[in-house]
Amino acid sequence: MRIVFFLAGLVAVLVFAAACSDDDGGGDPPPAESQKFFDCTEAFPGSEPDASAFPAEVTDGSGRSLTIEAAPQAIASLSAGHTEILYAIGAADAMTAVDNTSDCPVAASLLEHVDAFSPSVESIVALEADVVVLFFDPGDLVQSLAVLGVNVLMMPSPSTIEGVYEQIEVLGDATGHAAEADTLIASMRGAVSEVTNGLDESDAPTFFHELDNTYFTAGPGSFIADLYDELGAENIAESTGQSFPQMSAEAIIAADPQVIILADEDAGESADTVAERPGWGVIAAVQDGRLHVVSPDIVSRPGPRLVEALETLAGYLYPEVLN
Amino acid sequence: MTRRREPLELTTAAPEALIAGLRSALWPRLLLSCLALAVAFVLGLVLGPTTIAPEETVRVLLSHLPGVGISDDVSLATRTIVWDVRLPRVILAGTVGATLALTGAAYQGVFRNPLADPYLIGVATGAALGATIVVVSDVSYAWGGLSLLPLAAFAGAITSVVVVYGVARVGNTVPTTSLILAGVALASLSTAITSYLMLRETTNATAILTVILGGFNTASWTKVFWVLPYAVPAGVVILAHGRILNVLSLDEEQARFLGLDVERTKLLILGVASLAAAAAVSVGGTIGFVGLIVPHAIRLVWGPDNRYLLPLCIVLGAAFLIGADLIARTADSPSEIPVGIITAFFGVPFFLYLLRRARLGAYF
Chain Z
1 MRIVFFLAGL VAVLVFAAAC SDDDGGGDPP PAESQKFFDC TEAFPGSEPD ASAFPAEVTD
61 GSGRSLTIEA APQAIASLSA GHTEILYAIG AADAMTAVDN TSDCPVAASL LEHVDAFSPS
121 VESIVALEAD VVVLFFDPGD LVQSLAVLGV NVLMMPSPST IEGVYEQIEV LGDATGHAAE
181 ADTLIASMRG AVSEVTNGLD ESDAPTFFHE LDNTYFTAGP GSFIADLYDE LGAENIAEST
241 GQSFPQMSAE AIIAADPQVI ILADEDAGES ADTVAERPGW GVIAAVQDGR LHVVSPDIVS
301 RPGPRLVEAL ETLAGYLYPE VLN
Chain E
1 MTRRREPLEL TTAAPEALIA GLRSALWPRL LLSCLALAVA FVLGLVLGPT TIAPEETVRV
61 LLSHLPGVGI SDDVSLATRT IVWDVRLPRV ILAGTVGATL ALTGAAYQGV FRNPLADPYL
121 IGVATGAALG ATIVVVSDVS YAWGGLSLLP LAAFAGAITS VVVVYGVARV GNTVPTTSLI
181 LAGVALASLS TAITSYLMLR ETTNATAILT VILGGFNTAS WTKVFWVLPY AVPAGVVILA
241 HGRILNVLSL DEEQARFLGL DVERTKLLIL GVASLAAAAA VSVGGTIGFV GLIVPHAIRL
301 VWGPDNRYLL PLCIVLGAAF LIGADLIART ADSPSEIPVG IITAFFGVPF FLYLLRRARL
361 GAYF
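Top to bottom, those sequences are chains Z and E.
With our numbering, letter number 197 in the first sequence gets 197, and the count goes up by one each step, no holes.
With our numbering, letter number 278 in the second sequence gets 278, and the count goes up by one each step, no holes.
It is worth saying that the hints were derived from the structure and are not from the lab.
Glycine is no exception: its CB is placed at the ideal position from the N, C-alpha and C atoms.
Where hints are given, some of them may not hold.
[Unchecked claim] Just a sample of chain Z residues kept apart from chain E, beta carbon distances all over 10 Å, derived:
#1 Asp93
#2 Glu112
#3 Glu162
#4 Tyr165
#5 Ser193
#6 Glu201
#7 Thr214
#8 Ala255
#9 Glu320
[Unchecked claim] Sample of chain Z residues facing chain E (criterion: CB under 10 Å; computed from the structure):
#10 Phe37
#11 Ser118
#12 Ile236
#13 Ser239
#14 Ala271
#15 Ala275
#16 Arg277
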């Protein structure tokens, strides 16, 4: 049973990692067929980094300061969300390797792959990367690489939308694309307020966001919950006070959420399977048919696609506004 | 005389008078245990993350008797929570607890090893591996209202037991030492594969963790009816072998002299026990310590005679797990705590207290 404790330690990381499944599709068809804010299938041509910004003093997401001497020529991103950000700020030309969950944009999935959960120091060093971006340190990887002179940006998954903007700024400074980073943040802010402006939060629905079929959900302090907060919706897991609580079936039925969002289609869950669960038939969301499947990649990957996540969720939470 | 047998004689050579005393004392003990089970059962139904008045609970339960209606002032949600959520959950936890405690006691008797538990020959690690394989492969659902996960856990557990048994088998006999060693070795292999798959798999990893830590949050009547066909025969067979387990736990040689077909009996008991443990694990996860602590606690308090130990294991195993599950769903409500953590957290200190108090050199 020793494995239990080891595995328990991994759970927080793995919950985040649920964002990084290798299936990009999934989900109901998006409610609006407008142009996506960040479309994985598009090409993201790189731009010339600003050489005058170097040497650059950067403080990474974990608070470590480091000096990057020259504009990076080879970036390895071991985090799907940060890979998307790097392409969005024009760092495409320097991208040399990504982890095996970085499947967006398409160009990233064609690069060399490294395992983010048990990466070998040797294989990372062999990439000869100037900058390595990590979101998770599986045991002293940052130190091991720093000792070898590799610039490591440790960027723990942000738990808020604001946190994503801050990390975009850090990545912009570190790669010589600060101006593009500012432009990206500004256009994301604009797109977000375009989504939220039209909403009448006085009829904000209550919701349950299902991460898996044992009723783990996103609670206060998680990035997913922050997306819903931005939309004014009311999380039935708010009272748990935990980022990723497992809610009692009974508590979910009693809370009677008006909308249920399923991020566990991979495990075979759908509106039909939820309706068949014992006791779930009385829940308002089930009776009103307000169960929606979303792709975990979109709703829990902190990066430019949070705009698409907000658009999608807004469509499910406030259908009357958007139609 | 071998040295190993000496401590055993303390109990097996008990004077007739003492045995008669034990027998007459079974009923009060059983009654007391049943009372504990009844209290756990009632608390399990009345308490939960949502507050439901006890009289409402009773009315919902009564309304399911033929000819009894229910007035409209009990809300649909209340009726659903009591009948579709709490009742199956309490019954499932009780069934799994009884099964784990009883099969634990049976394994300890057959293996003559106080450390034996229902997971000794690979049931738990096999179940975890089976569940993990389903989670990492993209196959989905469902068979007769039961998801693929418990079915795969069951298949994994049975496969593991069959492999262990096949490896340990020598001609017509299965030496218990080989069985234990093969079980431990295969468990290490399964655990290694499970850990690796879990590291590779990044989606739905919590589903794997739920199987490993155990819990009854997704309990349903379907799961109750799935586990009963394994739990009930195991209960009947093992209870009927109380006296024979007493003989077996002496020494296989001696049991043979007494005219017992040792191999057949071992195969029968281990077979039904493993099937029942596998079914229990498939619906409750690999809940630790119940199969170990409940039988030993009863031995420490009331002695080792299997004829009394086994029925008490059923009743108190059920009461213990219903109580642990009650804590699991109310202590941090509306969040769940994995029940395996509760059984260890509350069960182990109590067990250590009993062990300290008893100070027996040999009680087994």
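Verification of the supplied hints:
Listed as a non-interface residue, Asp93 (chain Z) keeps its Cβ farther than 10 Å from every Cβ of chain E; the least gap is roughly 28 Å. The Cβ of Glu112 (chain Z) sits about 18 Å from the closest Cβ of chain E, beyond the 10 Å cut-off, so the non-interface label holds. Residue-level check passed: Glu162 (chain Z) sits 26 Å from the nearest beta carbon of chain E, beyond 10 Å. Against the 10 Å criterion, Tyr165 (chain Z) stays outside the reach of chain E, whose nearest CB is about 25 Å from its own CB.
No beta-carbon of chain E comes within 10 Å of the beta-carbon of Ser193 (chain Z); the shortest separation is about 32 Å. Distance to chain E confirms Glu201 (chain Z) as a non-interface residue, since its nearest Cβ pair spans about 24 Å, more than 10 Å. Some Cβ of chain E comes within 10 Å of the Cβ of Thr214 (chain Z); the nearest lies about 4 Å off, and the non-interface call is violated. A beta-carbon of chain E is positioned within 10 Å of the beta-carbon of Ala255 (chain Z); the least distance is around 8 Å.
Against the 10 Å criterion, Glu320 (chain Z) stays outside the reach of chain E, whose nearest CB is about 26 Å from its own CB. Proximity of Phe37 (chain Z) to chain E is violated relative to the hint, the smallest CB-CB distance being about 24 Å (cut-off 10 Å). With a least beta-carbon distance of about 6 Å to chain E, the hint placing Ser118 (chain Z) at the interface is held under the 10 Å criterion. Annotation: Ile236 (chain Z) was flagged as interfacial toward chain E, and the flag holds, the nearest CB pair being 8 Å apart, inside 10 Å.
A least Cβ separation of about 6 Å between Ser239 (chain Z) and chain E falls short of the 10 Å threshold, and the interface hint therefore holds. The closest approach between the C-beta of Ala271 (chain Z) and any C-beta of chain E is roughly 13 Å, which is over the 10 Å cut-off, so the hint fails. The beta carbon of Ala275 (chain Z) comes no nearer than 13 Å to any beta carbon in chain E, farther than 10 Å, and the hint placing it at the interface is violated. Contact between Arg277 (chain Z) and chain E, as hinted, is supported at the beta carbon level, the nearest pair being about 7 Å apart and thus within 10 Å.
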